[in-house]
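The primary structure of each chain is shown beneath.
Protein chains: 2
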Amino acid sequence: MMEHAIEYLKNINKAFESRARLGIMSVLMVEEEVDFSFLKETLDLTDGNLSSHLRALEGASYLNVEKQFIGRRPNTRYSATAKGKNDFKSHLDALEKLIRDNKP
Amino acid sequence: MMEHAIEYLKNINKAFESRARLGIMSVLMVEEEVDFSFLKETLDLTDGNLSSHLRALEGASYLNVEKQFIGRRPNTRYSATAKGKNDFKSHLDALEKLIRDNKP
Chain A
1 MMEHAIEYLK NINKAFESRA RLGIMSVLMV EEEVDFSFLK ETLDLTDGNL SSHLRALEGA
61 SYLNVEKQFI GRRPNTRYSA TAKGKNDFKS HLDALEKLIR DNKP
Chain B
1 MMEHAIEYLK NINKAFESRA RLGIMSVLMV EEEVDFSFLK ETLDLTDGNL SSHLRALEGA
61 SYLNVEKQFI GRRPNTRYSA TAKGKNDFKS HLDALEKLIR DNKP
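For the record, the sequence lines run as chains A and B. Under UniProt numbering, the first residue of the first sequence is numbered 1, with each subsequent residue one higher. Under UniProt numbering, the first residue of the second sequence is numbered 1, with each subsequent residue one higher.
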């Protein structure tokens with residue numbers, strides 16, 4: 001049984017470990033595209049904290065980032081890539097197996 | 001629905017975020033007490049990496065650590081505290097809600 005534990009732990013993805021990243025990806029599994037303010041309010045994160053997690057996810061090719069202007073104001077929009085959605089699902093599957101093994 | 005997302009994200013516990021810590025706590029939900037070598041082999045971690053995660057969990061009062069000797073060899077044994085088990089269950093509950101919301 002412990003052997004089994006090792007197996008699915010390998011599918012737990014470091015890129016999605018933190019609460020912020022779990023939150024960002026969860027939002028982007030439901031919403032096709034959101035802007036920075038929406039994520040900030042929904043996840044209750046500071047600008048700096050949210051930015052750094054978004055950059056990390058973009059660096060892993062999990063996010064598409066589109067910079068545009070609404071009038072004169074910059075507005076940056078985020079969506080999950082197919083790879084991002086796929087790898088996030090694998091991560092959730094691994095967590096689900098871990099939870100199942102920990103249920104009494 | 002996004003409002004709901006924020007709520008349970010708050011129960012995701014930073015102390016349990018990493019794969020290593022999820023693994024350590026999972027083992028200690030099943031096994032009453034284990035030694036360092038058992039954790040190292042089961043979780044496939046280096047000495048340094050495992051030590052640092054064990055210290056962090058001990059610092060959060062999630063682990064009991066008992067140093068003893070088997071003959072002349074030091075043998076350190078680890079078990080989860082009641083608080084550790086309880087907080088880990090809350091963490092898994094929060095992850096479970098996140099997974100449920102991400103299922104198609």
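Watch out, some of these pointers could steer you wrong.
All copies of an identical chain are treated as equivalent in the list; a pair is satisfied when it fits inside any one copy or across any two copies.
Straight-line distance between alpha carbons at most 27 Å, and here's what the computed DSS-like set of lysine-lysine pairs gives [unchecked claim]:
id	residue 1	residue 2
1	Lys40	Lys10
2	Lys85	Lys67
3	Lys10	Lys67
4	Lys85	Lys40
5	Lys103	Lys83
6	Lys97	Lys40
7	Lys97	Lys67
8	Lys83	Lys40
9	Lys40	Lys67
It should be emphasised that the hints constitute simulated quantities derived from the structure, not laboratory data.
Okay, the hints, checked on the actual structure:
Taking the shortest alpha-carbon separations for lysine 40 and lysine 10, only the inter-copy value of 14 Å comes in at or below 27 Å, while the best intra-copy value is 30 Å. For a Cα distance limit of 27 Å, the shortest separation of lysine 85 from lysine 67 inside one copy, 21 Å, qualifies, whereas the shortest one across copies, 45 Å, does not. For the identical chains of this complex, lysine 10 and lysine 67 are neighbours neither inside a copy (35 Å) nor across copies (30 Å), given an alpha-carbon limit of 27 Å. Taking the closest pair of Cα atoms, lysine 85 and lysine 40 come within 27 Å of each other only inside a single copy of the chain (20 Å); across copies the shortest separation is 32 Å, beyond that limit.
Taking the closest pair of Cα atoms, lysine 103 and lysine 83 come within 27 Å of each other only across two copies (17 Å); inside a single copy the shortest separation is 30 Å, beyond that limit. With identical chains, the CA atoms of lysine 97 and lysine 40 are at most 27 Å apart between copies only, with a shortest distance of 21 Å across copies and 30 Å within one. In this homomeric assembly, lysine 97 and lysine 67 never come within 27 Å of each other (Cα to Cα): the closest approach is 38 Å inside a single copy and 32 Å across copies. For the homomeric pair lysine 83 and lysine 40, the shortest alpha-carbon distance inside one copy (23 Å) is at most 27 Å, but the shortest distance between copies (32 Å) is not.
In this assembly of identical chains, lysine 40 and lysine 67 lie within 27 Å of each other by CA distance solely inside one copy; the values are 17 Å within and 46 Å between copies.
Violated hints for the displayed structure, listed by number in ascending order: 3 and 7.
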